[in-house]
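Using the sequences and the hints, build the whole thing.
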Amino acid sequence: MRTFHTLFALALITATALPGLAQAADAPPAVQAFLDNLERQMSGKHAYEGITTDGNGNATITNLTLAVPADGASPGLNLKVGEVTFSGISEQGQALYQVEKANFSNLSMEVSGADGFSISVPQSSAEGWYIRALGENPTPVDQLLATSSFARKISSGQINLNAGGQSIAVDGVQSTWDGDPNTGAGTFSINVNNIAIPEAALALMDQGGMLKQLGYTSLNLDFTTTGDMKLTGDKVSYRFDVGINGRDIAKLSLGASFADIPLAVYAQLLSAHTEGKEPDYAALLPQMQQVLLNGASLRFEDQSLVNRLMPMAAAINGMDENTLRASIGPMLQLALVQFQNEAFAQQAMAAVNAFFANPKSLTITAKPAASLSVAQLSAMDPNKPGEAITKLGLTVTAND
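In this text, residue positions in the sequence shown follow this note's numbering: the first is 14, and each later residue adds one.
Simulated from the structure, these hints should not be mistaken for laboratory data. Hints are supplied without guarantee of correctness; some may be wrong.
Below 25 Å or equal to it, Euclidean Cα-Cα: the simulated DMTMM-like pairs (lysine to aspartate or glutamate) are [claimed, not checked]: (1) K380 to D273; (2) K264 to E314; (3) K290 to E123; (4) K58 to E212; (5) K93 to D128.
Written as structure tokens, this is what we have:
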């Protein structure tokens with residue numbers, strides 16, 4: 014859960030994770046474990062005004078702050094939260110703790126730099142949240158579990174984003190997880206609901222005015238992720254599907270499934286992050302050679318974009334719309350000749366013709382007959398792309 018989703022994860026669950034300057038004895042073990050884990054994750058300096066506890070599994074942290082200094086091209090970050098309350102803290106054994114519910118109020122985050130922005134989240138919460146302490150000489154599995162957040166449910170109220178003098182509102186974020194807290198294995202979902210981009214902000218993003226010419230004066234986006242993780246010995250398998258849905262415009266989805274990812278690689282990436290260093294990719298690559306690709310997909314679902322775009326594209330190319338639609342398939346087939354796979358070229362042309370005749374969906378899928386390792390993918394002959402297409406099991410379908 015990185016890049017875009019990390020932004021909202023920080024705004025929700027990491028709001029509870031701000032390590033403090035008070036003495037360790039002031040924090041219950043579960044809270045201290047959480048603070049320690051986030052310190053490793055964020056690589057920042059932290060402070061809090063105080064921690065109170067009633068001795069019955071409830072604790073409150075007030076006025077938390079976290080500062081991450083800028084480092085070269087990486088921007089600085091300042092995170093604040095007015096109050097965090099932990100309810101129903103219990104020990105689950107093996108340095109594992111559960112928090113029945115955590116509530117966070119008045120969170121704000123500021124990111125510095127030329128592309129800086131700020132976020133505010135008045136209210137958010139986590140339920141059924143598991144926290145693992147990281148002891149001495151941790152294994153890669155320990156590191157994975159201690160630096161991941163497993164909560165049965167995370168939710169927020171409205172989120173406000175300010176960037177470049179423009180304000181963008183998000184209705185909220187919800188996530189669910191169903192799995193084993195002892196291994197982290199399970200299924201998850203994340204939903205970022207209604208990222209509302211107003212006309213003024215959209216104009217800054219679309220300076221050529223293309224979207225406005227097509228009749229889109231504002232955008233409302235939904236961001237979704239579903240997936241699952243399995244842990245087998247010292248290896249992880251991971252499947253995900255990510256979707257960006259432009260309401261009344263189009264939806265783009267990306268999915269992939271990988272197996273046999275070494276936990277040792279994760280541990281080395283985490284260590285480099287904690288130390289503020291670039292990972293040694295040359296050293297990691299040999300360990301990644303047996304990672305398996307089970308499959309992948311890229312899917313476009315049209316809602317109105319194609320039928321609005323085609324008249325404009327036809328006018329630019331000096332032809333009528335029907336002629337343009339009819340010519341796309343043959344042009345694609347001609348372009349695919351270089352890939353030396355006639356069956357795939359014919360299938361792609363048929364799918365593209367069907368899509369532009371009645372735009373609903375277009376899907377590219379990789380489904381190899383047997384999982385392919387990174388070593389096998391690297392060994393494919395670039396001079397024989399047709400063989401690679403067959404081994405990957407590439408297909409193109411429309412309106413399914």
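Hint check:
For the suggested pair K380 and D273, the alpha carbons sit about 17 Å apart, so the restraint of at most 25 Å is met. Pair hint K264 plus E314 holds up; C-alpha atoms about 5 Å apart against a cutoff of 25 Å. Taking the CA atoms of K290 and E123, the gap is about 23 Å. The hint holds against a cut of 25 Å. For the proposed pair K58 and E212, the alpha carbon gap of about 38 Å is over 25 Å, so the pair is violated.
Note on K93 and D128: the hinted pairing holds, with a Cα-Cα distance of about 20 Å set against a maximum of 25 Å.
Checked against the numbered hints listed earlier, the structure breaks hint 4 alone; every other hint is satisfied.
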